[in-house]
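Starting from the given sequences, assemble the full structure and let the hints guide the process.
In the order they appear, the protein sequences are chains W and P. What the first sequence shows, in the working numbering, is residues 1193 to 1731, in sequence order. What the second sequence shows, in the working numbering, is residues 1193 to 1731, in sequence order.
The set of hints was computed from the structure by calculation and includes no laboratory data. Beta carbons: idealized from backbone N, C-alpha and C, even for Gly. Please note that a few of the clues may not be correct.
Interface residues of chain W toward chain P, partial, derived using beta-carbon atoms under 8 Å [as the list claims (entries may be wrong)]:
no.: 1; residue: R1210
no.: 2; residue: A1368
no.: 3; residue: E1407
no.: 4; residue: R1408
no.: 5; residue: Y1542
no.: 6; residue: A1543
no.: 7; residue: R1579
There are 2 protein chains.
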Amino acid sequence: MKGLMMEFQLTLPVVLRRAETLFADKPVISRLPDKSIHRYTYGEMAERARRLAVALGSLGVAPGDRVATLAWNGYQHLEAYFGIPLSGAILHTLNPRLSGDDLAYIVSNAGDSVLLVDETLLPVYEKFKDRVRLEHVIVMSQKTEAPAGLKSYERLLADTDPRSYRERSVDENDAAAMCYSSGTTGRPKGVLYSHRALVLHSIGEAMVDTLGVSERDVLLPVVPMFHVNAWGLPYTCALVGATLVFPGPHLDAESVLELFEKERVTLAAGVPTVWLGILTALEKEPDRWKTQAGLRMVVGGSAAPLSMIKGFDRHGMRIIHAWGMTETTPLGSVSNLVSGLANASDDARYATRAKQGIPSALFEIRARGESGLIPWDDTAMGELEVRGPWVAASYYNAPGSDDRFTGDGWFKTGDIVSIDRHGYIEIKDRTKDLVKSGGEWISTVALENALMGHPAVAEAAVIAANHPKWQERPLAIVTLKKDKTATAEELIAFLATQFPKWWLPDAVEFVDAIPRTATGKFYKMALRDRFKDALLAKA
Amino acid sequence: MKGLMMEFQLTLPVVLRRAETLFADKPVISRLPDKSIHRYTYGEMAERARRLAVALGSLGVAPGDRVATLAWNGYQHLEAYFGIPLSGAILHTLNPRLSGDDLAYIVSNAGDSVLLVDETLLPVYEKFKDRVRLEHVIVMSQKTEAPAGLKSYERLLADTDPRSYRERSVDENDAAAMCYSSGTTGRPKGVLYSHRALVLHSIGEAMVDTLGVSERDVLLPVVPMFHVNAWGLPYTCALVGATLVFPGPHLDAESVLELFEKERVTLAAGVPTVWLGILTALEKEPDRWKTQAGLRMVVGGSAAPLSMIKGFDRHGMRIIHAWGMTETTPLGSVSNLVSGLANASDDARYATRAKQGIPSALFEIRARGESGLIPWDDTAMGELEVRGPWVAASYYNAPGSDDRFTGDGWFKTGDIVSIDRHGYIEIKDRTKDLVKSGGEWISTVALENALMGHPAVAEAAVIAANHPKWQERPLAIVTLKKDKTATAEELIAFLATQFPKWWLPDAVEFVDAIPRTATGKFYKMALRDRFKDALLAKA
Chain W
1193 MKGLMMEFQL
1203 TLPVVLRRAE
1213 TLFADKPVIS
1223 RLPDKSIHRY
1233 TYGEMAERAR
1243 RLAVALGSLG
1253 VAPGDRVATL
1263 AWNGYQHLEA
1273 YFGIPLSGAI
1283 LHTLNPRLSG
1293 DDLAYIVSNA
1303 GDSVLLVDET
1313 LLPVYEKFKD
1323 RVRLEHVIVM
1333 SQKTEAPAGL
1343 KSYERLLADT
1353 DPRSYRERSV
1363 DENDAAAMCY
1373 SSGTTGRPKG
1383 VLYSHRALVL
1393 HSIGEAMVDT
1403 LGVSERDVLL
1413 PVVPMFHVNA
1423 WGLPYTCALV
1433 GATLVFPGPH
1443 LDAESVLELF
1453 EKERVTLAAG
1463 VPTVWLGILT
1473 ALEKEPDRWK
1483 TQAGLRMVVG
1493 GSAAPLSMIK
1503 GFDRHGMRII
1513 HAWGMTETTP
1523 LGSVSNLVSG
1533 LANASDDARY
1543 ATRAKQGIPS
1553 ALFEIRARGE
1563 SGLIPWDDTA
1573 MGELEVRGPW
1583 VAASYYNAPG
1593 SDDRFTGDGW
1603 FKTGDIVSID
1613 RHGYIEIKDR
1623 TKDLVKSGGE
1633 WISTVALENA
1643 LMGHPAVAEA
1653 AVIAANHPKW
1663 QERPLAIVTL
1673 KKDKTATAEE
1683 LIAFLATQFP
1693 KWWLPDAVEF
1703 VDAIPRTATG
1713 KFYKMALRDR
1723 FKDALLAKA
Chain P
1193 MKGLMMEFQL
1203 TLPVVLRRAE
1213 TLFADKPVIS
1223 RLPDKSIHRY
1233 TYGEMAERAR
1243 RLAVALGSLG
1253 VAPGDRVATL
1263 AWNGYQHLEA
1273 YFGIPLSGAI
1283 LHTLNPRLSG
1293 DDLAYIVSNA
1303 GDSVLLVDET
1313 LLPVYEKFKD
1323 RVRLEHVIVM
1333 SQKTEAPAGL
1343 KSYERLLADT
1353 DPRSYRERSV
1363 DENDAAAMCY
1373 SSGTTGRPKG
1383 VLYSHRALVL
1393 HSIGEAMVDT
1403 LGVSERDVLL
1413 PVVPMFHVNA
1423 WGLPYTCALV
1433 GATLVFPGPH
1443 LDAESVLELF
1453 EKERVTLAAG
1463 VPTVWLGILT
1473 ALEKEPDRWK
1483 TQAGLRMVVG
1493 GSAAPLSMIK
1503 GFDRHGMRII
1513 HAWGMTETTP
1523 LGSVSNLVSG
1533 LANASDDARY
1543 ATRAKQGIPS
1553 ALFEIRARGE
1563 SGLIPWDDTA
1573 MGELEVRGPW
1583 VAASYYNAPG
1593 SDDRFTGDGW
1603 FKTGDIVSID
1613 RHGYIEIKDR
1623 TKDLVKSGGE
1633 WISTVALENA
1643 LMGHPAVAEA
1653 AVIAANHPKW
1663 QERPLAIVTL
1673 KKDKTATAEE
1683 LIAFLATQFP
1693 KWWLPDAVEF
1703 VDAIPRTATG
1713 KFYKMALRDR
1723 FKDALLAKA
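Set out below in structure tokens:
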């Protein structure tokens, strides 16, 4: 027997309607490329999003078409977040840090027909424009003109009558947005988010036990809007009416700290490297910026070192560790402390906060080791598998990628984790980075984090190097701080106090810098190419 | 184009699985009829819920069958909340305060085939048992025996092998639960909740800007589990892992305050009459109970007087005003203060907290006056219409009730409201209680609340009485406090300082007590029957 409730669809137009009805006067604040500040309201944003939807329709964009953006975090990008899905098209965010090759591949693979590009990012567009077929390229800036052959976003909106907007009937399972996962191996693969996934994810982020985003928050997403929809936060903010502060292209520590102070930011989100820069700036000039008491900073993308969590605590700012992937919209888990840890020691509480957290509501986890699902004992390691209403079921236009999903419908994350009895996930490694030494697994992430706790180490990566006896053994690649020194023996002795002997790297290579991917992660494939036989040479 | 996300269904089995996986050790605490305390965990609850599901199946209960409960708030009732839907059947909660007539009608109208009844409520069952056809009656107590002809709940569970439980595939739109609305006019009408509605409602209640239920909460629902699923809170608690404290049949102020102290309750929920009793007890013995700092108390069912909100603030306890209906699962709106009121005067903040609040996420509101939708200006009055994923689309087996829904799919609440620019709803009246005086509307609720602020008044109701010139005029019906006196002239002079002259009641009738419905609301239909022509006699 069916229930007798309304068939109310969970769609982005509902989110926008809520922002406009209840939070029309709440501000959206954006830093522009010239560092000036643009201010308007959710009410004005909604009106312009509808203009964009109408304008796209008049350009011939049809429901289901892919409309790409190549833009920093700002109000025009927010208008695209709503305006493109409002038109029935699919918002496809492009990462300007990718190579021209990758961008050309992604735009072609997605079949994007229109591109919205920040004026400051036109040089990125130049890198791939000859290899893609776009019907329209629309330039976002403060001006109403655009270079020859391109359209001006502001002109387009000005010439549009928002009264001709007609709300379309949208099924919650229709696609609304798309983002390509930045695989460190293989071609990027597209994830196609439904309206339902985005809306449920937004509600999930506003629950107390995840990110707790509320109307009273002033949220600054440092995480780019081209990076899994800035972790869905623009949608969450619109849903709950939180004030949004966009940093534009200015992501340096001083610019972000200035916005923290001036706009009274209460919640921010970004990857560890951003926060490390901010912590360094704070340690240098602890009295320069007055931030809001209890400012929460969500960290994701890669693991936040314990030293960073403690460092911010000293400044009255709280790091909240979260985990997710492009394939999970992205929020999967958040490391708030459960009540069972209320009376735990400081060390135990910090150790838990440094984990990736317990799963969000509706998000289910399990992990599979070499002999089946692992127990939740904080020790056994296995590949994390997840499922839920905001987890991808397949990739877009990517034949041969079925091996990322289990036969019973779970997504294989590629992360090697342990899980403790409270359900806290701890990422030990990526499946492809794990060292398999004589049939035993060694976590490179644990070794890296420990090495980065050494006073002389700036950055450290650990990779699996080939070994004649053990098949693979760990090899550390280290960048020292400018004015510090340390020998390989010293570093290995330092690790020996924290790990079993058979986990210790067989050798340490010192390099000037560790290569990074377009999303700021260590580019381990390049390291492996260079160092995979380094131990054979020594053996 | 469809999104490529998992078709993950929003169902109660997902909620139970989460409670069992992540919060197996969290406590569920119940006060029994003999006042002793029963303690166990969500893990044990889940195991027994599965036993119940298996047992119902062996009794011949089939998917879609209705299984009724007649029970106080306690752990066995919680098992039924999950076990009945787990079996595929529909949980139908019966209100023991209803008359035997109403119960016989409701059980027959729903077609209930099985009843789970608290041993202490067997006398209520006796009142209607000869007028209904139930295949099995199962008695819940601590014992493994039951009176002749009835089954023992504990015996049934003990005799069941939980390993024979097989998880059914459930569509999120399948019915999971049912509750009859206690209309003060006409027959009660059944609302049939889908799994989807209950799950979305639970997530909604855990958002910061609604009730903010979290894993760290210890929640005591004074609101009965037969009253719109205790406002959905048992499901919300299981989803987030909050500790549950059930008061059993002991709802007097001292028993509840004792649980507040002993179990360190952080969040409670109930109707205003319960909280008024608790406030009186606290004022009498302010140092007797040590409650948790900042204890939140959700109030719904009818309006909380401003004096009560202020009274609890003096004791460090925070009243949170909420609004909902059986037809809305029930949470529709919550009166937290938005940031725009952060700098408002104390008076303005209290006035807002006394309103019914702004709508929950995904819950949409509008109000219709005599000439169309009203503006949100805090003044215009209209009937509140709502829609959302947890709003009823129709009633169960109730022909002729279509007039409660608009042509474009909104539910007509029957509440007359004004809405302010922030979206705060203020209930002025029920449509059927409103006084229509010479074409103008007068809110009886506003007059009642003002009258109850007079130091001599214990209770006050205002009804529409027939009038030869104005069609209807307000008539006040008042119960004075035991040792206080006041004349009709004094009370009307008291109101004259707060309302326009044409709003003032034409007369005041003094009575010993105001009749109440089974859910504790003023039974205005009875008052109108008695007093509707009182003004004609005087004219």
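A quick look at each hint next to the structure:
With a cut of 8 Å, the hint placing R1210(W) at the interface with chain P holds, because the nearest CB-to-CB distance is about 7 Å. Residue-level restraint check for A1368(W) holds (minimum Cβ-Cβ distance to chain P is 7 Å; threshold 8 Å). For E1407(W), the suggested interface contact is upheld, since its CB lies about 5 Å from the closest CB of chain P, less than 8 Å. Annotation: R1408(W) was flagged as interfacial toward chain P, and the flag holds, the nearest CB pair being 5 Å apart, inside 8 Å.
For Y1542(W), the suggested interface contact is broken, since its CB lies about 18 Å from the closest CB of chain P, more than 8 Å. At a threshold of 8 Å, the smallest CB-CB gap from A1543(W) to chain P is about 19 Å, leaving the interface hint violated. Hint status for R1579(W): holds, given a least beta-carbon distance of 6 Å to chain P, under 8 Å.
Going down the numbered hints, you'll see the structure goes against 5, 6, while the others check out.
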